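A.B. asks: Heads up: the protein sequence lines correspond to chains A and B, in order. Following my numbering, the numbering of the first sequence begins with 1 at its first residue and continues without gaps. Following my numbering, the numbering of the second sequence begins with 1 at its first residue and continues without gaps.
It is possible that some hints are incorrect.
As the list claims (entries may be wrong) - Derived, one-sided and incomplete: chain A residues facing chain B with beta-carbon distance under 7 angstroms:
hint: 1; residue: Leu9
hint: 2; residue: Glu14
hint: 3; residue: Phe19
hint: 4; residue: Gly20
hint: 5; residue: Ala62
hint: 6; residue: Thr218
hint: 7; residue: Ser221
hint: 8; residue: Leu239
hint: 9; residue: Ala243
What the hints contain is simulated information worked out from the structure, not anything from laboratory work. This one's a predicted model, so the numbers in the text were calculated from it and none came from an experiment. Note that beta-carbon positions come from the ideal geometry of N, C-alpha and C, so glycine has one too.
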Amino acid sequence: MAENKKMTLNNLPEEELFFGHKACPGCGGSLTLRLVMKVLGPNTFVVVPANCMSAVSFYYPAMNFGCNALASAFPCTAATMSGIEAAARAKKLEDYTVVGFAGDGGTADIGLQALSGAIDRNDRIIYICYDNEAYMNTGVQESGLTPFGAKTTTSPAGKVQHGKLTHKKNLFDIITAHGIPYAATASVGYPQDLINKVAKAKACQGTSFLHIMAPCPTGWSVPIDSTVSVAKEAVECGLWYLAEYENGEYKLNKDPKEFTPVGDYIRKQGRFKHLNEDEIREIERQRDATWVRIHEKW
Amino acid sequence: MNRPSTVRYQYPKALSEIPLPIAQAGVLIDINSGFRTSRPVFDHEKCVGCMSCYAVCPEGTIYRGESGLQVDYDFCKGCGICAKECRFKAISMVPEEGENE
Ligand SMILES: Cc1ncc(C[n+]2csc(CCOP(=O)(O)OP(=O)(O)O)c2C)c(N)n1
Ligand code: SF4
Ligand SMILES: [Mg+2]
């Protein structure tokens with residue numbers, strides 16, 4: 001894989017390719033798109049399925065992407081990208097990138113089939129899942145990537161039920177099980193790491209996939225200035241990990257020797273307000289099991 | 001500055017004036033500052049130019065100006081991530097006075 005000239009926060013291109021959008025103040029999803037577009041540059045074809053990011057940037061007749069961009073139907077981000085990639089090849093275009101920005105619902109639930117097909121064909125596309133851990137655009141419903149215990153409108157917190165009953169799907173493993181050329185997890189809490197991974201994906205000759213943690217102040221009930229700090233805390237307490245999968249090998253980009261208490265992370269967020277100590281211990285148990293598996297397998 | 005400029009939208013008076021349902025890249029029809037309850041203000045003495053604020057701004061409204069980093073207040077929504085993430089405490093959030101637009 002060809003190494004790009006190293007991009008850092010100081011030499012990022014000044015051009016804003018995702019600008020003037022109507023996302024909520026402090027939206028982690030919009031920060032993800034802005035940073036990714038800076039690395040990919042203007043010669044990019046963008047696909048955004050139904051989700052917050054298309055709702056806030058394709059409000060006719062405005063268009064907040066500074067390049068070609070298309071709003072696709074909800075389940076077919078990857079299929080739409082494959083079509084664009086095939087057309088670009090047929091037209092003998094050179095020096096272009098095809099990228100898609102799907103939410104957690106649009107990736108782990110409704111978009112999974114098209115994504116799996118694209119990885120199988122090894123189409124040269126970059127699939128980005130910005131994970132805000134629920135269906136935010138339609139008013140916070142539970143998705144396969146909503147974590148255990150989180151309150152959403154379809155996993156309410158009351159006497160009978162305490163938020164989501166099941167665990168967050170292990171999307172990274174589902175993707176790497178395809179034997180994809182390049183896959184990584186990232187977080188808006190670690191912008192330099194995120195930029196490095198986007199640059200690798202851009203250089204990749206086959207399908208690449210990035211799973212990016214992008215907190216949503218509106219859906220998580222956290223202050224609007226804490227998007228980045230809460231994303232960092234998720235990594236520090238071990239509930240999110242920064243990893244890569246390349247040429248069949250796993251790599252941890254950050255391996256915390258000690259985790260900060262899960263309770264500190266949980267207690268700051270309104271969506272977990274109802275959880276009791278036992279439930280927080282259950283989250284801790286799941287976290288530890290994940291890390292045992294990571295250390296054994298990777 | 002390297003950002004698209006705003007073109008105020010003229011509401012069509014006839015069917016023929018309605019733009020095609022394909023939007024042109026980077027077309028902005030209005031500004032965003034109605035979102036804001038407080039604004040980031042830089043202390044240029046404290047700022048060391050590390051660009052951390054620029055990297056974490058979801059709006060892309062921080063840019064290098066002649067006298068240090070500047071904010072495009074037409075598009076800043078006042079989330080305050082920049083102020084919170086600045087390790088040198090060079091940005092303070094100042095409450096907006098009066099009614100917003
Ligand atoms: C086939 C179909 N089903 C449902 C919808 C309604 N819908 C639009 S956006 C959305 C939520 C998307 O959630 P996610 O992918 O997590 O992105 P987010 O809004 O959280 O950014 C839903 C359910 C739709 N547009 N199309
Ligand atoms: S609801 Fe959440 S994800 Fe959607 S625009 Fe607002 S902050 Fe962003
Ligand atoms: Mg979502």
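A.B. asks: Taking the numbered hints from earlier one at a time, note which ones the structure violates and give those numbers from smallest to largest.
C.D. replies: Per hint list: 6, 7, 8 and 9 violated.
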